[in-house]
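Per full-length UniProt numbering, the sequence shown runs over residues 1 to 528.
Just so you know, the hints here were simulated from the structure itself, not pulled from any lab data.
Please note that a few of the clues may not be correct.
Unchecked claim - Across the chosen pairs, the derived CB separations fall in these ranges:
| hint | residue 1 | residue 2 | range |
| --- | --- | --- | --- |
| 1 | 481 | 138 | 40 to 50 Å |
| 2 | 216 | 122 | 32 to 42 Å |
| 3 | 211 | 131 | 50 to 60 Å |
| 4 | 146 | 216 | 23 to 33 Å |
Just so you know, even glycine gets a beta-carbon here, dropped at the ideal spot from N, CA and C.
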Amino acid sequence: MTDAPRRVLVVDDTEAHRYVMASWLRRAGYAVTEAATGRHALDLAPGHDAVVLDVNLPDMSGLDVCERIKADEATAAPVVHVSATSIDARSRTSGLERGADAYLVEPLDRDEFLATVAALCRSHAARRGITEHARRLADLTATIVPLASAGSLDELVAAAVQGAATVFDAPVVVVAAAPDGMATRVVCAGPGRPVVRGRLLAPVSPPVGPGPYDSTAADAPGVWREMLDRAGVAPTAWLVVPAVDGSGRALGGFAVATPDGPLGAEDLDLAEQLGAALGGALATLRSYAEEHLIALTLQRSMLPHALPEPPGLRMAARYSASDAQLSVGGDFYDALELPDGRVAVVIGDVQGHSLRAATVMAQLRFSLHAYLLEGHPPARALDLLHDLLVRSHPELVSVCVAVLDLRDGTVEVVNAGHLPPLLVTPEGARYVRASSPLLGVGRTQDRAVERIATDGPCTLVLVTDGLLERRTGNLREALDRMAEVAAAARTLDAGELCDVLLGRFDAHERDDDVAVLAVHLMGERSGA
Numbered sequence: 001m002t003d004a005p006r007r008v009l010v011v012d013d014t015e016a017h018r019y020v021m022a023s024w025l026r027r028a029g030y031a032v033t034e035a036a037t038g039r040h041a042l043d044l045a046p047g048h049d050a051v052v053l054d055v056n057l058p059d060m061s062g063l064d065v066c067e068r069i070k071a072d073e074a075t076a077a078p079v080v081h082v083s084a085t086s087i088d089a090r091s092r093t094s095g096l097e098r099g100a101d102a103y104l105v106e107p108l109d110r111d112e113f114l115a116t117v118a119a120l121c122r123s124h125a126a127r128r129g130i131t132e133h134a135r136r137l138a139d140l141t142a143t144i145v146p147l148a149s150a151g152s153l154d155e156l157v158a159a160a161v162q163g164a165a166t167v168f169d170a171p172v173v174v175v176a177a178a179p180d181g182m183a184t185r186v187v188c189a190g191p192g193r194p195v196v197r198g199r200l201l202a203p204v205s206p207p208v209g210p211g212p213y214d215s216t217a218a219d220a221p222g223v224w225r226e227m228l229d230r231a232g233v234a235p236t237a238w239l240v241v242p243a244v245d246g247s248g249r250a251l252g253g254f255a256v257a258t259p260d261g262p263l264g265a266e267d268l269d270l271a272e273q274l275g276a277a278l279g280g281a282l283a284t285l286r287s288y289a290e291e292h293l294i295a296l297t298l299q300r301s302m303l304p305h306a307l308p309e310p311p312g313l314r315m316a317a318r319y320s321a322s323d324a325q326l327s328v329g330g331d332f333y334d335a336l337e338l339p340d341g342r343v344a345v346v347i348g349d350v351q352g353h354s355l356r357a358a359t360v361m362a363q364l365r366f367s368l369h370a371y372l373l374e375g376h377p378p379a380r381a382l383d384l385l386h387d388l389l390v391r392s393h394p395e396l397v398s399v400c401v402a403v404l405d406l407r408d409g410t411v412e413v414v415n416a417g418h419l420p421p422l423l424v425t426p427e428g429a430r431y432v433r434a435s436s437p438l439l440g441v442g443r444t445q446d447r448a449v450e451r452i453a454t455d456g457p458c459t460l461v462l463v464t465d466g467l468l469e470r471r472t473g474n475l476r477e478a479l480d481r482m483a484e485v486a487a488a489a490r491t492l493d494a495g496e497l498c499d500v501l502l503g504r505f506d507a508h509e510r511d512d513d514v515a516v517l518a519v520h521l522m523g524e525r526s527g528a
């Protein structure tokens, strides 16, 4: 691309002097703007590379005009003072002290005049280039940082396309491949413009080369067209920058519109840095997504495939994964018939959100299941689980165990740091307040056991904290509201009650897993 001519503002109230200086500058290739007064000069000042300023103007001092030009970032170009009267050392010193970059006295020497203006334009361009480069590096950093923390592909491509449009001050398209090979495509027409998403599904096209390359308007993929039309981006040439992982596999990339011709070396360097960051972020996101899928599959496979249905009791459970793509928790539930005819139900939560949390959850769930089947009372079973946890894992775990005796309707509850279970009866709902420390915390006392005698139909509801806890919200108020909702839905069966609770407490973006277990005692006694 051809550089635009440098712009110089010439300010002198003597038309003949102004004509001579402007003519010299125009013949030397400068674009010249002329002004005869200080106020007119201030109006015209923005956007110039240098100002040639007469010291003695009819409406105000050239020294004052210089100070005002220098004080405003939009007009702060180099100033050359010229004067036919203020020519002594004191006058020149005063002009330089008040902001002038050079001081010439008339009669002017043409070569000296042009050399002075050229030198000041060069220094101004260098300073402006350094400032602009620093700004663009700051914009690049502000773009790259959110890429590393993006929790989903949609979040990542939106951050990338908006940031790149700001860095390059141009329309940008970002393409990213999902694990199934289909691509997410977005375009941003410029800084501050909205993100427009492509509606057509198609695989990511392989890049032509390993690094940035120029592409014509005709080369733009067909799947871009409707997206670009909706964003108001006209057909144009592009600089295409592939985004690859460490093995060179293409995961996507971005393209910057280049209607004025190929980008320069500085832009190419910024593009390569952004392409590398985008490739790294896409690779990390894909790795986390694969880990999440493994953990989620493991977690679901370790939960009961079916719940027992002894006479006089109906159960239902629901599990809902976190909305965060990279998060999987250690929530679990269980239900089993004990050798003595009673039924045990369990709900728990392993600290953390990771594949490890899901793995620890599976081990603890099966261990507790075995302890209860061996005939250990619930308090003793939790103590054994605590000892196993302390020996094997650093995590903390909350667990609540309820053992139901269908022969006489009694319920025995032991709670190790978990949310209290809710007992729903025809009269209303109340929490069972038995409580003892979390598993994994130093044990110094016997675990509290609460025994409840039920009379007639009732439902025991156990939930994990993901149902109720929010980053902004009061847990006590959420517990009270859950009791109100459950009491109002007490005539529903166990499955319907689970669905009502999930529906009423569904957050737009839930950042934790949720497990809900409802156990309905029908009030029938099975006998001794």
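Taking the hints in turn, this is what the structure says about them:
no. : hint                   : result
1   : 481 to 138: 40 to 50 Å : 46 Å, holds
2   : 216 to 122: 32 to 42 Å : 35 Å, holds
3   : 211 to 131: 50 to 60 Å : 28 Å, violated
4   : 146 to 216: 23 to 33 Å : 31 Å, holds
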